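Novice: In case you want the letters, here they are:
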Amino acid sequence: MIKKPFFGWGSPRLKYPAIGGGEKEPVTEIPLPQKASILIDYPFEKITEMFLKKGDRVKTGQRIRLSEGGNDYFISTVTGTVEDISIYTGYMGRTYSAIHIEGVTEDQWDPTLSNAGDRLSTEICLKFFRRLPGIIDLERLVDPVVPLDAIVIKGIDEDLLVKTNQLVLLNNPEGLTKGVRYLKELTKAKRMIITVPPGLSSDAGNMDADVIKVKPVYPQALPKMIMKNVFKRTVPAGMTCEDMGVAFINAEAVVALADAIDNGVMPVDKNFTLIDKDGKSMNIRARIGTSFKDVFERLNIKTEHGDSIILGGPMRGRSVYMEDMPVNYNTDAIIIQHKDDITENVDIPCINCGECVRACPAGIQVNMLVRLLENGLYDEAAREYDLMSCIECGLCTYVCTARIPVFHYIMLGKAELAKQKSREVSNG
Amino acid sequence: MADRKLFVASHAPFWHNGSGVSSRSFNMILAAMPAVIMGIMQFGASALGVVALSVSSAMLWELLMNRLMKRPVSIGDGNAAVIGLIFGMLLPSVMPWWAILTGTFIAIVVGKQIFGGIGCNPLNPSLVAVAILTLSWNSLLDFDEALLNFDPGFYMVYPLGALKHFGVSAISNYNIQDLIMGRQSGGIGSTFGLGLIIGGVYLIARGHIRWEISVSFLAGIFLTSWIFNIADPSKYTGPVFHVFTGYTLIGAFFLATEDSSSPVNFIPMLLYGFIGGIITILIRNIGAFADGTVFAILMMNIANPLLDRIKPRAMGKGIEYA
Numbered sequence: 001m002i003k004k005p006f007f008g009w010g011s012p013r014l015k016y017p018a019i020g021g022g023e024k025e026p027v028t029e030i031p032l033p034q035k036a037s038i039l040i041d042y043p044f045e046k047i048t049e050m051f052l053k054k055g056d057r058v059k060t061g062q063r064i065r066l067s068e069g070g071n072d073y074f075i076s077t078v079t080g081t082v083e084d085i086s087i088y089t090g091y092m093g094r095t096y097s098a099i100h101i102e103g104v105t106e107d108q109w110d111p112t113l114s115n116a117g118d119r120l121s122t123e124i125c126l127k128f129f130r131r132l133p134g135i136i137d138l139e140r141l142v143d144p145v146v147p148l149d150a151i152v153i154k155g156i157d158e159d160l161l162v163k164t165n166q167l168v169l170l171n172n173p174e175g176l177t178k179g180v181r182y183l184k185e186l187t188k189a190k191r192m193i194i195t196v197p198p199g200l201s202s203d204a205g206n207m208d209a210d211v212i213k214v215k216p217v218y219p220q221a222l223p224k225m226i227m228k229n230v231f232k233r234t235v236p237a238g239m240t241c242e243d244m245g246v247a248f249i250n251a252e253a254v255v256a257l258a259d260a261i262d263n264g265v266m267p268v269d270k271n272f273t274l275i276d277k278d279g280k281s282m283n284i285r286a287r288i289g290t291s292f293k294d295v296f297e298r299l300n301i302k303t304e305h306g307d308s309i310i311l312g313g314p315m316r317g318r319s320v321y322m323e324d325m326p327v328n329y330n331t332d333a334i335i336i337q338h339k340d341d342i343t344e345n346v347d348i349p350c351i352n353c354g355e356c357v358r359a360c361p362a363g364i365q366v367n368m369l370v371r372l373l374e375n376g377l378y379d380e381a382a383r384e385y386d387l388m389s390c391i392e393c394g395l396c397t398y399v400c401t402a403r404i405p406v407f408h409y410i411m412l413g414k415a416e417l418a419k420q421k422s423r424e425v426s427n428g
Numbered sequence: 001m002a003d004r005k006l007f008v009a010s011h012a013p014f015w016h017n018g019s020g021v022s023s024r025s026f027n028m029i030l031a032a033m034p035a036v037i038m039g040i041m042q043f044g045a046s047a048l049g050v051v052a053l054s055v056s057s058a059m060l061w062e063l064l065m066n067r068l069m070k071r072p073v074s075i076g077d078g079n080a081a082v083i084g085l086i087f088g089m090l091l092p093s094v095m096p097w098w099a100i101l102t103g104t105f106i107a108i109v110v111g112k113q114i115f116g117g118i119g120c121n122p123l124n125p126s127l128v129a130v131a132i133l134t135l136s137w138n139s140l141l142d143f144d145e146a147l148l149n150f151d152p153g154f155y156m157v158y159p160l161g162a163l164k165h166f167g168v169s170a171i172s173n174y175n176i177q178d179l180i181m182g183r184q185s186g187g188i189g190s191t192f193g194l195g196l197i198i199g200g201v202y203l204i205a206r207g208h209i210r211w212e213i214s215v216s217f218l219a220g221i222f223l224t225s226w227i228f229n230i231a232d233p234s235k236y237t238g239p240v241f242h243v244f245t246g247y248t249l250i251g252a253f254f255l256a257t258e259d260s261s262s263p264v265n266f267i268p269m270l271l272y273g274f275i276g277g278i279i280t281i282l283i284r285n286i287g288a289f290a291d292g293t294v295f296a297i298l299m300m301n302i303a304n305p306l307l308d309r310i311k312p313r314a315m316g317k318g319i320e321y322a
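So the sequence lines, in the order shown, correspond to chains R and B. Residue 272 in the working numbering sits at position 272 of the first sequence; the count goes up by one each step and never skips. Residue 68 in the working numbering sits at position 68 of the second sequence; the count goes up by one each step and never skips.
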């Protein structure tokens, strides 16, 4: 854990990890697991036996439809038998369906994609590549009504300690160059931009994209900070970068896209950074669907009762409550935190020290905001104290002297407001 | 399922910079030490007694209130000790025990706990106590009267009292070196100028107090007294005397900077400190009291919520997407 420096009048300066300097970082491959689970963002109750049921045989790279229209599907990342389908409740009560596949054998590749004709067509892309490692939804990018102003390829990861995208930039510049070309053709985006940490720019130089160096200080790599500092366009409170015509995607997804289009092989592996209890960082490549438990066992990492497993980085990640959680398309990092290192929140009211106000990159008056949020005054928080301006960096909680879970309150407030809004819409 | 391995799930971020209320309080106490120790050396064992009783009774009142209000025991965070210590630093070394108990009762119970405890007090608790004691038993806090039979070996007329009652000519007995080194009459922990500055600079460097408030408060004192001095040097003394006498330095570094009752935004902090400095000098020069620091800061405490409305525009506020 990083401690407050002795001299502490400024806001915290947390640095992104920097790799490079010539040497390639080793990547550890995790072998195929015995069983795998695939998490899909599709309501459990809507899955019908017509398309998917227990006992189905699935092949690696097979596209499995979930509904009649054919727009909802998932890609099986392993070869095996569907053993069970269950519901998984995630962050802020969101539910997912988990498809458990057992008896995983050596890959038998489904030939549909490699036999498909022009793989660089919108139709094929949407049919197969809606989810790629490092990206959740390609549909929003490909063939939009209005072409995007820009696509920003993240060569520097948003959160601290995470090196997944930097590594892609370092290890696979050719794939990235190709991917940028394909993506431009598919999306007709006016501008392609790639963000890099200062040391890595030479590797990204030959691409058909503008290379922009990002100051490696947290939270400069967060999309809304890049919008403000690079595009000089501030995202209005409550809106997303995509509303402004700028989409952010991981470098890893671009490489995966290039690979799939060139070779006709579905990308089914995911790269991620794993941080052990002692802070040691490892670069891992595992099949999507491999449970964390299998990854840990393979790497000889022992977890104990009371530890924490964090999906993502230390500032914005989400802790999971079980080891059976599978590696997913968006698993950029896994952190295992020793039980003694877990920060505890305490029940002390805000002491008004102002640390959060100095740390907030969005200029929110967090000391007042948290008072409203603690009392559930979400509307007022959004109206008077800029709840919707929050860029979700977590620095306020990191510096909080009273150790209030400010970030948690903010996310809860945002979720409650969104719920309220959707209720208003559905009531007409 | 009893032996199932369970993981701790909490919300991001999973790091913390390690700061906490107790370490903040500890640093406040540490920073106050030079001034307190010097005060005890100057004024003797009775000063030690006053400070010790003040700190301990403040903590006991806090404990009592915790029990009465059925809240978790909060004396461990050190905030009550800090309030008690700062209150003790403002008192003359001969304060009777019952007045100290009354004072800490006012500070902790009336000043802090009835508003909801730490972080909820609208006014600086130590100052509330001093203000009420000043108004109730004025003679106890009149340093000339209280310290009448006291001879520590230096000129024992309260400097601001001399200035108030006998004018500029009376202060020629003081030299600046004595004032800085604590050889002056006053509160136990508020006379040693150098020690207070060292403590204040330490707190600023560690980020425990906000430098904007201290600097602007001193600037307010300095500028206002300078203007008075220029206007009529025969009636009003210069700024240096004001900075090193009375509660000015303890006010700038320990009183005005109290977290809960001071603003956190940049411009409000400057205004808060600066206006506080101006009011202090106005009270000293043309008001009824010899030292105006207590009431000036309390007044600014009241203005704090209003001042803190001057806030920077948050990112993305009030702009429309065109």
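No lab work stands behind these hints, which were simulated from the structure alone. Note that the structure is predicted; figures quoted are calculated from it, not measured. Each hint should be verified, as a subset may be incorrect.
Ranges of calculated distance between the beta carbons of each label pair, as one might list FRET restraints [what the hints assert, rightly or not]:
1. R:Tyr91 <-> B:Gly318: 52 to 58 Å
2. R:Asp208 <-> B:Leu306: 32 to 38 Å
3. R:Arg383 <-> B:Arg67: 37 to 43 Å
4. R:Asp84 <-> B:Arg67: 50 to 56 Å
No more than 25 Å apart at the CA atoms, straight line, and that leaves these computed lysine to any residue pairs for SDA-like [as the list claims (entries may be wrong)]:
5. B:Lys317 <-> R:Asp243
6. R:Lys232 <-> B:Pro312
7. R:Lys419 <-> R:Arg358
8. R:Lys277 <-> B:Leu6
For each residue, glycine too, the CB sits at the ideal point set by N, CA and C.
Novice: What are the numbers of the hints that this structure violates, sorted from low to high?
Specialist: 1, 2 and 7
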